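Sequences are here, hints too, so could you generate the full structure?
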Amino acid sequence: MWLNQSCLEGEIEMWLTQSCLKIDTASVLEEDCSLSESFLKRTATDEQCIEMYKHMVQGRIFDGIALKFQRQGKIKTYPPIRGQEAAQVGSAYALTSNDWIYPSYRDIAASFVHGMPIDKFFCYTMGKMAGQHLIDLSIFPIQIVIGAQFLHAVGGAWASKYKGEDSVSVAYMGDGGTSEGDFHEALNFAGVYKLPVVFFIQNNQWAISNPIHKQTASQTIAQKALAYGITGIRVDGNDVLAVYEATKLAIEKAKNGEPVLIEAVTFRQGPHTTADDPTKYRDQAEVEQWLTNDPIERMKKFIVSTGLWDERQEEELLKECEEIVLKAYEKALTIEKTTIPKVLRATYETMPQNLVRQMQQRGGV
Amino acid sequence: MEMTIVQAINTCLIQAMENDETILCLGEDIGKNGGVFRVTDGLLDRFGEKRVVDTPIAESAIIGAAVGLATRGLKPIAEIQFLGFIYEAMDQMVGQAARLRSRTESTVTVPLVVRAPYGGGIHAPELHSDSLEALFLHSPGLKVVMPSTPSDAKGLLAAAIKDPDPVLFLEPLKLYRTIKEEVQEEYYELPIGKAAIVQEGEHVTIVTYGPCVVTVKQAVAQLQEQGVSVEIIDLRTIAPIDYETIIQSVDKTGRLVVVHEAAKTGGVGAEIAAIIAENCMYAMHAPILRVTGYDTPFPVSSIEAEWMPTVARVVSAVQNVMKE
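Read top to bottom, the protein sequences are chains A and B. Going by the working numbering, the first sequence opens with residue 1, and the numbers climb by one from there. Going by the working numbering, the second sequence opens with residue 1, and the numbers climb by one from there.
Hints listed in this document are in silico derivations from the structure and should not be mistaken for laboratory results. There is no bait here: all hints are sound.
Ranges of calculated distance between the beta carbons of each label pair, as one might list FRET restraints:
#, chain 1, residue 1, chain 2, residue 2, range
1, A, ILE144, B, HIS138, 18 to 24 Å
2, A, GLU336, B, ASP29, 46 to 52 Å
3, A, LYS337, B, PRO191, 33 to 39 Å
4, A, ASN98, B, LYS252, 55 to 61 Å
5, B, PRO297, A, THR273, 35 to 41 Å
6, B, GLU181, A, MET351, 31 to 37 Å
Computed from a prediction, not measured in an experiment: that's the story for all the values here. For every residue, glycine included, the Cβ atom is placed at its ideal position computed from N, Cα and C.
Pasting the structure below:
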């Protein structure tokens with residue numbers, strides 16, 4: 001179940017290696033989409049299942065349109081989320097508005113679930129400042145530097161604890177980020193100070209062109225929790241219910257001063273961003289294999305088989321999602337881009353002498 | 001009350017923390033040990049472990065977590081044990097703390113103070129004596145404060161704590177205990193970004209800051225005997241730089257020597273020289289000279305005294321500009 005240091009008790013004869021660990025990947029939905037017998041139990045209500053499904057579909061429709069818009073030059077570089085909808089939606093859906101998320105650039109569906117309007121992300125990809133006006137939504141500015149946000153989440157969780165707030169900070173990252181020093185420093189601090197923080201890793205198998213086995217020699221990412229005295233769990237990241245239930249339990253633990261590292265095993269179906277071509281560095285066979293385990297198809301099968309969903313509803317949903325995205329794009333178009341004087345004014349609270357002079361010298365240019 | 005720089009900073013921290021419960025200090029060995037230079041001595045007993053936090057040895061996490069704290073309503077004062085170790089935290093300092101206001105159009109601000117001792121002169125091991133301020137001068141979004149006296153240290157630290165933007169507060173470790181002066185006991189602030197005219201003069205302006213202020217004062221005492229009237233400007237803050245005070249002074253004297261301990265190329269002196277070239281060219285009687293550390297890493301302790309700007313080098317530079 002949970003990976004913690006007690007997993008190692010009594011097992012070690014001499015050398016401590018990862019073969020001492022037996023790590024399962026927890027799921028709620030079996031491959032045939034029946035409920036599994038794992039320790040994670042479905043607590044999500046029917047309504048919640050439908051809502052999560054809708055969020056996933058919204059994420060995918062957004063993703064498709066964003067890709068198309070990038071090709072058409074309407075938006076700039078875009079990092080696709082296709083394949084990771086369950087991991088992002090299931091985790092963010094387990095949070096309340098008291099909780100904070102610290103997303104990377106790819107955690108778009110998670111941010112939508114936590115309240116980011118879609119037009120904000122269009123603004124972000126169009127180079128408009130409104131794309132980073134997220135703090136009132138308890139969403140930390142989208143992080144570009146790999147791993148840096150993990151330390152901000154640690155600081156945020158620390159602030160919650162300091163002030164006695166009922167709030168958990170959830171940091172998002174991919175498998176590649178776990179090689180960064182900031183990842184390790186963050187887990188270490190969280191363990192030492194027992195902070196209300198959840199580290200959510202989407203192990204999507206690829207960090208741009210580098211596969212997971214070249215990223216780490218660990219057999220799992222979840223086991224890295226043990227090195228820092230915190231709790232880990234490995235979940236099926238293409239099973240939205242497993243991700244939701246695991247995150248919900250992790251939040252409870254974090255609130256009790258037990259930070260958790262979640263590894264959601266998933267797959268990046270598309271390129272890293274619109275600037276690379278994955279056929280250059282990975283086998284199509286691997287992609288095909290993962291496509292048979294698509295997170296949206298899987299959840300759809302479950303809700304259809306349980307009578308919660310039908311094709312008519314599906315059609316309506318697709319139409320509705322597309323309309324929402326197009327409307328959001330229209331809204332983003334109306335938002336003004338910033339100006340150099342505004343940028344000069346927003347570097348410090350009060351403009352220092354050098355910037356005042358640069359503003360004056362600029363004149364009307 | 002007479003205080004050293006260490007006592008002035010310690011007193012300021014205590015007074016600030018007594019007045020504001022959102023302030024907390026974090027860093028390596030700052031608790032029971034009171035910091036390796038004892039700057040935070042007594043804080044743990046007074047404010048407890050919640051507000052005076054010993055951290056694991058992880059500079060990036062100290063600053064990164066402090067960014068997280070600062071953006072959620074607290075006022076962290078982080079200590080980096082020696083400035084030479086801040087390379088470990090460069091992204092969190094420059095890529096994160098400095099940029100958050102700009103990249104969010106001031107919707108996220110980082111009211112953070114990072115304190116760090118710097119400079120040579122105490123025969124410390126490698127990487128303990130570096131003066132890296134120029135790296136941060138070139139990092140928009142940061143303020144860099146470098147006091148040279150106990151009263152400036154106390155007033156400027158108070159201002160740094162109040163500042164809504166991230167401030168790197170650099171403490172000249174050589175001067176920690178070597179200067180003692182009368183310091184106002186009550187809490188007060190001195191403006192960040194305002195240089196001090198330490199001594200007025202007519203013939204040549206020396207712009208300096210930090211530990212070199214002491215070296216320059218000694219050189220100027222010798223130069224006065226030779227009939228040279230020197231105006232000494234202590235920058236106190238290198239980001240932002242106080243253009244007005246420097247320009248006014250050089251317009252008057254027509255001669256400029258910049259003195260700092262950090263390496264020469266791309267340093268604060270280069271920036272000051274450029275400011276003067278842009279603004280005072282026609283007032284100049286002589287080329288601008290720089291007296292600095294060499295363009296090498298800070299050397300081993302047995303030769304550090306020769307590497308750092310000496311009184312003789314400052315005197316010689318001033319004599320050279322006076323020939324013109």
